[in-house]
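Chains A and B, in that order, are what the protein sequence lines are. When you line the first sequence up against our numbering, it's residues 1 to 267, in that order. When you line the second sequence up against our numbering, it's residues 1001 to 1267, in that order.
Worth flagging that the hints you see were computed from the coordinates, not collected in a lab. Hints are not guaranteed to be accurate.
Listed below are several chain B residues computed to face chain A (Cβ distance under 7 Å; list not exhaustive) [stated by the list, open to error]:
(1) 1097
(2) 1102
(3) 1136
(4) 1139
(5) 1146
(6) 1202
(7) 1218
(8) 1220
For glycine and all other residues, C-beta sits at the position ideal for the given N, C-alpha and C.
Number of protein chains: 2
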Amino acid sequence: MNRFSLNQATTRGWPLPELAAGCVAQGVTQVGLWREEVQEFGVARTATLLRSFGLSVTSLCRGGFFDRPDWLLSNRQAIDEAYDLGAPALVLVSGGLPAGSRDVDGARAHIGDAIGELVPYALAAGVRLAIEPLHPMFCSDRCVVSTLGQALDLARPHPAEAVGVVVDTYHLWWDDTVWAQIARAGAEGRIASFQVADWITPLPAGVLLGRGLPGTGCVELRRFREAVDATGFTGPIEVEVFNEQVWARPGAEILTDTLEGYRKHVL
Amino acid sequence: MNRFSLNQATTRGWPLPELAAGCVAQGVTQVGLWREEVQEFGVARTATLLRSFGLSVTSLCRGGFFDRPDWLLSNRQAIDEAYDLGAPALVLVSGGLPAGSRDVDGARAHIGDAIGELVPYALAAGVRLAIEPLHPMFCSDRCVVSTLGQALDLARPHPAEAVGVVVDTYHLWWDDTVWAQIARAGAEGRIASFQVADWITPLPAGVLLGRGLPGTGCVELRRFREAVDATGFTGPIEVEVFNEQVWARPGAEILTDTLEGYRKHVL
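Could you put the whole structure together from the sequences, leaning on the hints where they help?
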């Protein structure tokens, strides 16, 4: 249980003070945060709140979207926020194809360049950039980085303390090469974040909000956890689920179910 | 133009006699067929109709679904139908995970075994089994074969005249290794079918019916055609689009737009 982290997106709509108290009530000591929610509550105020409850921050979502004109400024600001929150990792959702573009190779090359530009800033802040491969169904509109192999190739030119990768079960479970790539990620010291969600169908329109709580779908979650652990990774295990039906329920109930699924299907 | 083939799914709802006449009217000489539609019209009747219009059949969709209890019988029947229609290739959509299963490795291994069982029957009929990798978003419910590399690995134990693969732009465009795998598919003599559709977002609920006509999306269709051609492939180029908005229009209009997109974005 000491490795569990509740990603705030799983209990979307749960106000931060209630989330903090609710986590402590159920023995949770770590959370993953989202920039929009944190900004709304205030970055410094969030840091103070979490400290007062003894909660630490495992990651901040999200930087990236390198296809947008303001990417440099917005990613520097995200690094600053991660620093202020004490989050060791800033998750990067790298962005899709620019409007009207079909140049997926070009978009991927640009991401490499953009990350290179951010590295000194991230190193200075002590915040690690965590490249997240997203499921290929998001390739055109959210993230042209679709596999763990691609994420590791993008990370390779940079120091491991500056750039790592996210292993997210939801995005990677279909890939028969993922086990080899997890081993590689561990060997190269690149696992910056491990996130868990389950795959359920049918997918809803837009496909963003169709994730399942651990154990409700078809992903071999324990196999992922064991593969990540086998590399020597001892970091947090964040559960991050986007699901409108889940969000309709009270935060404390969602957390209870999340913890039950985590115990039964991840540990 | 002599390589263009209209997959019947693109103009779903267009009755076969009208489709046949409509193809001839627009200079189209080849079609890809679907079993349900053919069965409804009658297999022998379809073969006679198409012959009378001078149309040849480039593929029959679909065999596969090896997760279903009747897979052996239904695939033999599909091979028989392909033979009767003169279709050189039977497209295999291999099936997802059995209900309640999380064993994706097991499902993939079973597909290899099942194809092995079908090979003698397919060879005897002169019908080639064409393994189609489907986009990873279909992995759990339609097809655990998600990449061209996996499809080629499944084909490898069998004679190339018995088992090939489908290169479908819609399913494969996101994969940065696809260019190397197309070259491999050509070198191994495995390209049994080349299908074209474009990727558009947002995806609709269920994600099946969200494909775009050539040129309406973000896929480098010409690059795919050139990569396939570079292997020496000279076979048909089938346009296969599932889209409810497209289907709402008259078949002849859809075909006109399909041909225009094909000329501008594929040739």
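A quick look at each hint next to the structure:
1. With a cut of 7 Å, the hint placing residue 1097/B at the interface with chain A holds, because the nearest CB-to-CB distance is about 5 Å.
2. Annotation: residue 1102/B was flagged as interfacial toward chain A, and the flag holds, the nearest CB pair being 5 Å apart, inside 7 Å.
3. The closest approach between the C-beta of residue 1136/B and any C-beta of chain A is roughly 4 Å, which is under the 7 Å cut-off, so the hint is satisfied.
4. At about 4 Å, the closest approach between the beta carbon of residue 1139/B and any beta carbon in chain A falls short of 7 Å, and the interface hint on this residue holds.
5. Residue-level restraint check for residue 1146/B holds (minimum Cβ-Cβ distance to chain A is 5 Å; threshold 7 Å).
6. Annotation: interface hint on residue 1202/B holds; nearest CB of chain A at approximately 5 Å, less than 7 Å.
7. Interface hint at residue 1218/B: satisfied, since its Cβ lies 5 Å from the closest Cβ of chain A, which is below the 7 Å cut-off.
8. With a least beta-carbon distance of about 5 Å to chain A, the hint placing residue 1220/B at the interface is held under the 7 Å criterion.
Going through the hint list in order, the structure satisfies each hint without exception.
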